[in-house]
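Q: Full structure from sequences and hints, please.
Protein chains in written order, with our numbering: chain P, 1 to 193; chain C, 1 to 428.
Derived by calculation from the structure, the hints in this document are not laboratory data. Model, not experiment: these values are computed from the prediction. Misleading hints may appear alongside valid ones.
A few chain C residues facing chain P, derived, Cβ under 10 Å [unchecked claim]:
{"#": "1", "residue": "79"}
{"#": "2", "residue": "129"}
{"#": "3", "residue": "134"}
{"#": "4", "residue": "164"}
{"#": "5", "residue": "172"}
{"#": "6", "residue": "199"}
{"#": "7", "residue": "203"}
{"#": "8", "residue": "205"}
{"#": "9", "residue": "222"}
{"#": "10", "residue": "268"}
{"#": "11", "residue": "280"}
{"#": "12", "residue": "300"}
{"#": "13", "residue": "349"}
{"#": "14", "residue": "389"}
{"#": "15", "residue": "408"}
With a straight-line cut-off of 25 Å between C-alpha atoms, the simulated BS3-like cross-links for lysine-lysine are [as the list claims (entries may be wrong)]:
{"#": "16", "chain 1": "C", "residue 1": "207", "chain 2": "C", "residue 2": "194"}
{"#": "17", "chain 1": "C", "residue 1": "347", "chain 2": "P", "residue 2": "184"}
{"#": "18", "chain 1": "C", "residue 1": "170", "chain 2": "C", "residue 2": "194"}
{"#": "19", "chain 1": "P", "residue 1": "32", "chain 2": "C", "residue 2": "207"}
{"#": "20", "chain 1": "P", "residue 1": "32", "chain 2": "C", "residue 2": "227"}
{"#": "21", "chain 1": "P", "residue 1": "56", "chain 2": "C", "residue 2": "347"}
{"#": "22", "chain 1": "P", "residue 1": "56", "chain 2": "C", "residue 2": "207"}
{"#": "23", "chain 1": "C", "residue 1": "227", "chain 2": "C", "residue 2": "79"}
{"#": "24", "chain 1": "P", "residue 1": "103", "chain 2": "C", "residue 2": "294"}
{"#": "25", "chain 1": "C", "residue 1": "347", "chain 2": "C", "residue 2": "174"}
Every residue gets a Cβ at the ideal spot worked out from N, C-alpha and C, and that includes glycine.
Here's the letter readout for the chains.
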Amino acid sequence: MRTIDAACTRTLLAGLIAFAGAWAVQTEAQTKYHLGRAATPAEVAAWNIDVAPDGKNLPAGSGTVARGREVYDAQCAACHGAKGEGGVGDRLSGGRGTLGTPKPVFTVGSYWPYATTLFDYIRRAMPLNAPQSLSNQDVYAVSGYVLFLNDLLPPGATVNAEILTSLKMPNRDGFIPDPRPDVKTTGCTKDCR
Amino acid sequence: MSNPKKEIPGPVTAQPSRRRFLRNSGLLLGAATAASTKAALGQGAAATSPPAIPDSMKAPGTPIGGARLYGSPSPFEKKIVRNVSSAQTYSASQVTRTPIQELDGIITPSGLFYERHHAGVPDIDPATHRLMLHGLVRTPLLFTVEDLRRFPSVSRIHFLECSGNPVYRKPYGKTASDLVGLVSCGEWTGVALKTLLDEAGLQSSGKWIVAEGADGAAMTRSIPIEKCLDDALVVYSQNGERLRPEQGYPLRLFLPGFEGNMSVKWLRRLKVVEEPVHSREETAKYTDPMPDGKSRQFTFYMEAKSIITRPSGGQRIASPGFVEISGIAWSGHGMIARVDVSVDGGKTWSQAALQEPVLSKSLTRFRLPWQWQGQAAVIQSRATDETGYVQPTFPELLAVRGENAFYHNNAVQPWRIAENGEVTNANN
Numbered sequence: 001m002r003t004i005d006a007a008c009t010r011t012l013l014a015g016l017i018a019f020a021g022a023w024a025v026q027t028e029a030q031t032k033y034h035l036g037r038a039a040t041p042a043e044v045a046a047w048n049i050d051v052a053p054d055g056k057n058l059p060a061g062s063g064t065v066a067r068g069r070e071v072y073d074a075q076c077a078a079c080h081g082a083k084g085e086g087g088v089g090d091r092l093s094g095g096r097g098t099l100g101t102p103k104p105v106f107t108v109g110s111y112w113p114y115a116t117t118l119f120d121y122i123r124r125a126m127p128l129n130a131p132q133s134l135s136n137q138d139v140y141a142v143s144g145y146v147l148f149l150n151d152l153l154p155p156g157a158t159v160n161a162e163i164l165t166s167l168k169m170p171n172r173d174g175f176i177p178d179p180r181p182d183v184k185t186t187g188c189t190k191d192c193r
Numbered sequence: 001m002s003n004p005k006k007e008i009p010g011p012v013t014a015q016p017s018r019r020r021f022l023r024n025s026g027l028l029l030g031a032a033t034a035a036s037t038k039a040a041l042g043q044g045a046a047a048t049s050p051p052a053i054p055d056s057m058k059a060p061g062t063p064i065g066g067a068r069l070y071g072s073p074s075p076f077e078k079k080i081v082r083n084v085s086s087a088q089t090y091s092a093s094q095v096t097r098t099p100i101q102e103l104d105g106i107i108t109p110s111g112l113f114y115e116r117h118h119a120g121v122p123d124i125d126p127a128t129h130r131l132m133l134h135g136l137v138r139t140p141l142l143f144t145v146e147d148l149r150r151f152p153s154v155s156r157i158h159f160l161e162c163s164g165n166p167v168y169r170k171p172y173g174k175t176a177s178d179l180v181g182l183v184s185c186g187e188w189t190g191v192a193l194k195t196l197l198d199e200a201g202l203q204s205s206g207k208w209i210v211a212e213g214a215d216g217a218a219m220t221r222s223i224p225i226e227k228c229l230d231d232a233l234v235v236y237s238q239n240g241e242r243l244r245p246e247q248g249y250p251l252r253l254f255l256p257g258f259e260g261n262m263s264v265k266w267l268r269r270l271k272v273v274e275e276p277v278h279s280r281e282e283t284a285k286y287t288d289p290m291p292d293g294k295s296r297q298f299t300f301y302m303e304a305k306s307i308i309t310r311p312s313g314g315q316r317i318a319s320p321g322f323v324e325i326s327g328i329a330w331s332g333h334g335m336i337a338r339v340d341v342s343v344d345g346g347k348t349w350s351q352a353a354l355q356e357p358v359l360s361k362s363l364t365r366f367r368l369p370w371q372w373q374g375q376a377a378v379i380q381s382r383a384t385d386e387t388g389y390v391q392p393t394f395p396e397l398l399a400v401r402g403e404n405a406f407y408h409n410n411a412v413q414p415w416r417i418a419e420n421g422e423v424t425n426a427n428n
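A: So this is what it looks like as structure tokens:
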């Protein structure tokens with residue numbers, strides 16, 4: 001009997017182990033597919049270019065408004081106008097106090113809530129014919145020049161991460177969450193209006 | 001056939017009607033190379049009507065192969081193309097519209113999908129393209145397109161709509177496409193974004209995902225994590241084939257029911273973060289200025305909407321008698337529950353029939369039979385979605401949002417029908 005019991009126990013154990021193994025494989029398959037590979041820190045750093053209002057992802061370095069004027073005149077003025085007044089590209093300057101009037105003018109100075117967005121957008125998307133071609137220093141510089149065109153920085157300013165993060169834009173508090181559905185209608189079907 | 005009043009509805013503005021096109025097509029397409037095509041196009045109506053036997057039955061047609069290995073529409077349909085409003089030389093703001101008044105059913109052919117590009121259409125080799133998933137995850141991951149195709153796949157039919165469709169200020173468009181042509185609908189296949197987040201190990205502090213495109217705009221939007229874990233897809237196919245370049249080949253994000261700009265094309269990076277990045281496209285653009293000077297931000301959902309596409313602006317009802325009123329309805333909040341149609345300027349409304357399938361966050365086709373007696377009339381449709389939300393009129397929308405609003409106009413669109421059958425935009 002003992003021999004038979006041992007044999008049964010071994011069989012039972014083997015079955016249990018096999019079952020547990022299959023269960024583990026199945027559970028694993030439901031959560032992990034082991035596809036793709038780990039991205040290295042260097043790979044992440046090279047692509048990780050988005051800059052949020054906390055400015056934590058801004059690069060080291062700085063640029064002057066004076067250098068920004070040179071970059072702007074060479075790379076930006078053709079589309080955005082000599083003083084940011086706009087052209088085929090968006091208007092960048094002026095318009096303060098026009099929001100909520102019949103003719104609102106939406107510019108960096110009148111509308112954009114964060115100066116960090118200026119660095120983020122110029123670096124990733126401008127100039128239109130050669131995005132991501134400016135050095136970080138020149139992105140700081142031209143960001144500073146656009147802020148200068150909006151009377152938000154003095155002409156002698158040097159722009160860096162600290163300046164862009166701490167500068168309170170005029171329309172910082174101008175945004176509200178989505179309140180929709182905001183337009184109520186009755187769904188009238190007879191004798192309407 | 002010579003009486004223009006006999007023409008069926010169908011032409012787009014400033015284009016010859018389809019019937020006139022058919023009549024003249026022998027001349028227009030005389031240079032067609034295939035002999036049988038030339039023979040067929042050369043026939044006038046008299047030669048194909050009884051008792052004559054059509055020439056197309058008297059010889060074999062064009063053989064398979066050659067340029068037909070990827071099929072295209074009949075040469076008779078060559079005017080049915082995307083609607084480009086004017087020369088668009090500034091590549092940051094290029095747009096084409098779907099000719100919705102020329103289409104039937106709910107699926108938009110891939111070649112007629114609306115386009116909105118912020119730096120043109122990039123040419124991307126799928127073998128070298130990579131998607132990076134990083135930020136607040138346990139393991140940052142890098143995927144090839146083939147990696148993503150090995151994950152469990154999902155296919156769903158959804159509309160995609162630009163949030164500026166149409167704008168609030170005059171001049172208003174003439175045709176249905178001019179007004180609401182920035183909407184299309186297709187079947188999307190890809191991997192659920194939740195699957196990829198599970199693979200990387202989402203951390204509980206992750207509340208938003210920043211999505212970035214591999215185009216010259218490096219298009220960037222922040223998406224709430226709830227949407228990413230709900231029905232968001234990383235898509236590689238549309239209508240059964242690989243994405244078209246204009247639709248994000250080889251990879252795009254797809255967020256059902258959300259404004260189209262957020263479904264980032266040419267997707268290359270997803271970064272899990274605690275707070276939105278406040279990118280240019282979610283601050284300077286795609287925000288909604290209100291009459292008091294404040295602006296709504298993160299207005300994601302496309303609310304319920306409908307439009308009559310036939311008869312619609314630029315078309316003409318051939319003669320009094322039976323007219324099938326037909327159109328499309330959709331909602332970013334789910335399924336369309338009902339569509340009502342008025343043919344008397346909004347005084348009374350009748351419930352239209354909804355064509356199955358009625359799918360969540362998809363176009364739904366509606367129809368209403370109508371006997372037109374030749375009188376002047378204003379016709380319009382009004383959608384109600386499964387949440388009970390009712391599509392508002394344009395005056396109701398303007399009363400709340402004012403003319404400075406730019407996005408999310410989902411107003412009822414009225415069409416004016418003249419006694420001669422011509423259809424125009426009643427808001428003009």
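Q: Hint by hint, work out which the structure violates, then give me just those numbers in ascending order.
A: Structure breaks hints 1, 2, 4, 5, 7, 8, 18, 21, 23.
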